[in-house]
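Enquirer: So the chains spell out like this:
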Amino acid sequence: MKSIMIMYDQAFQEKIVDLLTRQNCRGFSCWPQVQGRGTKTGEPHMGTHAWPSMCSAIMTVVPDEKVDGLLEKLHALDMETEMLGLRAFVWTIEKTI
Amino acid sequence: MSLYEGAVKKPIMTSLIFLAITIIGLFSLSKLAIDLYPDIDTNMIMVMTTYPGASAEDIENNVTRPIENTLNSVEHLKHITTSSSENISTVTLEFEYGYDIDALTNDTRDKLDMVSAALPDACNTPYIFKFSTDMIPILVLSVSAEESQAALYKILDDEVANPLARIDGVGTVTIYGAPQREINVYMDPQKMEAYNLTVEAVSSAISAENLNVSGGSFDIGNNTYTLRIEGEFDSPQQMNDIIVAHSPSGAAVYLRDVARVVDGVEERAQEAYTNGKQGAMIVVQKQSGANSVNIARKVKERMPELQKTLPSDVKLGVIVDTSDNIVTTIGTLVETIVLALLFVVLVVFVFLGRWRATVIIAITIPLSLVASFIYLYITGGSLNMISMSCLTIAIGNVVDDAIVVLENVTTHIERGSEPKQAAIHGTNEVAISVIASTLTMIAVFFPLTMITGMTGVLFKQLGWMMCVIMTVSTVSALSFTPMLCGQMLKLQKKPSKLFLALYKPIQNFLDKMDAAYARMLNRAVRHRKAVMTIVIGLAVVLAAISYPWIESEYFPANDNGRIGATIELPMGTRVDKAKLVAQALEKKWRDRYPNYFKVINYRVGQAGENAGAMAGMSSNGSHIISFNMSLVDSNERAVGLAKICDEMRADCKEMPEIAKYQIMMGGQQGGGMGGQNTAEFEIYGYSFTETDQVSHALADSLRNTPGVVEVVISRSDYEPRYVVDFDREKLALHGLNFSTAATYVRDRIYGSTATQYREDGEEYDVRVRYEPLERVSIESIENMMLYSSTGDAVRVKDVGEVKEGWTLPTIERKDRQRMVSVSAVLADGYVLSQGVAAGNAILSRMDIPQNVSVQVAGSYEDQMDANKDMGTLFVLIVILVFIVMAAQFESLTYPFIIILAIPFAIVGILVLLALTGTNLNIMSMMGGIMLAGIVVKNGIVLIDYTQLMRERGYGLIQSAVKAGRSRLRPVLMTTLTTILGMVPMAVGTGVGAEMWRPLGVSVIGGLTVGTIMTLIYVPTMFCIFGGVGIKRQRRALKKQRELNDYYVAHKDKMVRDRTGKRVED
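Note that the protein sequences, when read in sequence, are chains A and B.
Each residue of the first sequence is one higher than the one before, starting from 1 at the first, in this note's numbering.
Each residue of the second sequence is one higher than the one before, starting from 1 at the first, in this note's numbering.
There could be a bad hint or two in this list.
Unchecked claim - From the derived model, a few chain B residues whose C-beta atoms are all more than 12 Å from chain A:
no.: 1; residue: I413
no.: 2; residue: E414
no.: 3; residue: A650
no.: 4; residue: R950
no.: 5; residue: G953
no.: 6; residue: K1038
Stated by the list, open to error - Under the rule of at most 16 Å between Cα atoms (straight-line distance), these lysine to aspartate or glutamate pairs were calculated in the EDC-like manner:
no.: 7; chain 1: B; residue 1: K420; chain 2: B; residue 2: D717
no.: 8; chain 1: B; residue 1: K493; chain 2: A; residue 2: E14
no.: 9; chain 1: B; residue 1: K9; chain 2: A; residue 2: E72
no.: 10; chain 1: B; residue 1: K300; chain 2: B; residue 2: E266
no.: 11; chain 1: B; residue 1: K420; chain 2: A; residue 2: E94
no.: 12; chain 1: B; residue 1: K154; chain 2: B; residue 2: E266
no.: 13; chain 1: A; residue 1: K15; chain 2: B; residue 2: E418
Derived by calculation from the structure, the hints in this document are not laboratory data.
Beta carbons: idealized from backbone N, C-alpha and C, even for Gly.
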């Protein structure tokens, strides 16, 4: 089991949920309003006067074999509209109930 | 879910809600009344009291002054003006604006009840008359007649006036110029004396015979019958057979033996001529709140039908149709609005370069405008010049909100967002600034709703409408516009070739402009002091150069194609002579401009006793000619109304037989709204000789002043009169008292109304008096026989004297003092301030008696009041705008920088007014006031973005230049939409355009200069203040650091250990 944390510009919301559904990832948790900024490029998403846009974050826990496919799709989505910004991070889940 | 998110996600609901608003708006539009001005809350009440037979001075002392003294205590009274003339006293109460006139009327009525008992017995009960715009006739019909002349009144009353009065919305229909039927009983004095008969006795004999009496009911068998005793005359000639007395021999004396019964018309009546033909006039007034245009249309529709029922020689025509002017004026404004809309859409297309975005804007503008019709309909407003120009002004402003939203949504889409997501998040980001910019506009327009006075009347509706429109436009910008963006906008992946070919040059031009502006700005912010010196210096110089060229006036003159004229010949001139003069004038005017006059109508002669209230108010007399002319529309004429009036005055001046003349541009007196500029001076003083002297001296000097075309003294000339001076002792000796003697004389000359003769449901007065031929000499009065209660007869000359003298026909008073006003009408091109200055100069040279005081009044007073109101309003608005901005920026510096744009805008107004030769008047001032809100918007946009750049970490100068470059297009776009929206107003030539041209000119001038200056000085000032701020920050940091260093170095000396000892110790 791996957990994937996806951070993205709010505008991606519907597309990402759609993507997860298509990939048969039913479960996820979402934080609709998240502040943040990229390490290298991209506009900060701070929800302030200077940087008014905001990010959202979704965490989903999927079986190991689904991770690569999902990341690929996410990367493709990011490449399509680079200026909005989308990042995903994967880490291992040790136990669940 | 926020407003915009909900709107974007529910497009059907959103569009249907706005569709519903549009439908209700259009429905309201179809129900709206059309008028020239908004409903002017009346602030005047007139109290008219008739005292038949009393002279002006009697009226003044016995009627006017008691009423005046009592009514003076009514609350909120501004001025009390009275005029006492023969038979009638008129007290006009002018109240402060903004109070409920019905409550004031009730107060007045209560006070009047108190005074009524103190008035002379013969005096009729005073009646209250409320003024309102509804009283202005909406339609004046002409009637020409030949054979039917004698019966004209009856014909018109039955066949025209009554059917017209039944039309929905028509208030009163009055007939002028057709004498009413009257049964005259002319007594022969010699025969009366022979039979010891008096007019009173005959009068009561006639009245006693003309009677129907109900005799109660009685029973015959099983039935009950009512009993009537009928004695009313079936024909006037029956009166001849009345026995009025018995001769000493016992023979009956019939009325026919001593008198002549004439079934005719009233003796004194006005004659009306239309286009040279005698006839009558029918004046149609509307009910309050009714739609003039609709009524005029309905009346005109009925006319052909009514014409058929009239005798063949009676012809109906239209002299004045106020609705014509209204319809064409509003038509011109509709054109203006459509043009403004086109311009705005064009600007949006050029700047955005996207047809979908342009379509969205084009849909949202009318939506906000249509919503304002709902407001108008709910509040009972009308479509008028003010509300229509409000729409024109609004067009340029309502797009701003939509543009801001649209631009940001587009940016999001270009960054790759889905249109729907872009619409939600894009709107979310700018929602606050959209609301803030609306608040600045509301800060400008809301105070307009609070002003009172004449200016209040004009601006109240404008203020509310703008507030409604701005609010609706903001709501639509935050819901409807994002919804449309989500539905219609798309990422433009590849523009079409045609579009590129067309738009590329524009694109290049805009890019070059951006670059040039950035370069210029870069230089400017590096030479801040020099730039600010140049900018301020330039503004001061421009203002100083243009200010002396601007003249001020109250209200722009309105060319409504109507002229009224009152021509007075010397007192006592006969009607025939007056008619000749009128004909000569008509011919002269028609020859000069053969195609300009639609109708020339004039009235001559004295109005009869029953002529109605309107005739009582306007002066009339055998020597007075009243003209009423209507001309073709102003855009079909090469010569303006003011010039035609000036030429008419020159004609009157040339004719030696004319004693006085008054040409009234616009058809009514005074320069208040839309008339010619008139400087009015009021001369107060009790003594007639002193005030006459001053008024004539002033009038003579004014007449010789260049620019003054007509001077009118309100006090008319002395009227010749005879006074019967009774000797009270002699009267008493013959058992008579003064009032009996006076009544005797009055009944013989003026007549005594014996009874009413009824025919076909109409009542006609039966008046008993001397034969006309027995009323033409002093002797006839001297020889009148007076009878005492005991039957003793004595002649007037034995108990009194008939003296010749002069009397004032009208005594005017204002604020309880006798007053004469001298008004000077100024020629076309001269303004009020010049006239008042000239008058004041003359007065300062004059030797004015001690008891006489002179005051400038009339429209100059109004103008001064209005200027004061406008000044207060302006200050209030600037403060409110400042507050809104300070709240938005959470700073006092930025609003200060932005508000500086207002002085620059004022300079712009002055420059353009001077260049176009437009006067400074209420309309141009209104433009200035609106600018306070519009011009700061640009500053807000610039400062906001510069501040944003600073927050993103750019340096001061870089922020200013980058922000300037990035915001140039939005600033230019919103400014151009407003300016181009106003262009049709400023250059319009349609009917009524002269009214709002000053408004358009001042907004364009102010906004152009204001925007150019804003684009230069705002970044510069931002850098100056920013620089100062940075230096201050650095100083503070340095101080802090030094303090810190000092503390660290001396820490040991200052800090105590736990035992309380200094560490060092």
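Enquirer: Indicate, hint by hint, whether the structure satisfies it.
Expert: Each hint tested on the structure:
1. A cut-off of 12 Å between C-beta atoms contradicts the statement that I413(B) is not in contact with chain A; the least separation is 9 Å.
2. Separation of E414(B) from chain A is inadequate, the least Cβ-Cβ distance of about 8 Å not exceeding the 12 Å criterion.
3. Every beta carbon of chain A lies more than 12 Å from that of A650(B), the smallest distance being close to 69 Å; the non-interface claim holds.
4. Look at R950(B): its CB is around 8 Å from the nearest CB on chain A, not clear of 12 Å, so calling it non-interface is violated.
5. Taking the minimum C-beta to C-beta distance to chain A, about 8 Å, the non-interface status of G953(B) is violated against the 12 Å cut.
6. Residue placement check: K1038(B) keeps its beta carbon more than 12 Å from all beta carbons of chain A (closest about 27 Å).
7. Restraint check for K420(B) and D717(B): the C-alpha separation of about 81 Å exceeds 16 Å, so the hint is violated.
8. In summary, the hint linking K493(B) to E14(A) is not supported, as the alpha carbons are separated by about 22 Å, beyond the 16 Å threshold.
9. About 30 Å separates the Cα atoms of K9(B) and E72(A), which puts this hinted pair outside 16 Å; it is violated.
10. Restraint check for K300(B) and E266(B): the C-alpha separation of about 31 Å exceeds 16 Å, so the hint is violated.
11. In summary, the hint linking K420(B) to E94(A) is not supported, as the alpha carbons are separated by about 39 Å, beyond the 16 Å threshold.
12. At most 16 Å may separate the alpha-carbon atoms for a hinted pair to count; K154(B) and E266(B) meet this at roughly 13 Å.
13. A hinted pair counts as satisfied when its Cα atoms are at most 16 Å apart, and K15(A) with E418(B) qualifies at roughly 9 Å.
Hints 1, 2, 4, 5, 7, 8, 9, 10, 11 from the list above are not met by this structure, while the remaining hints are.
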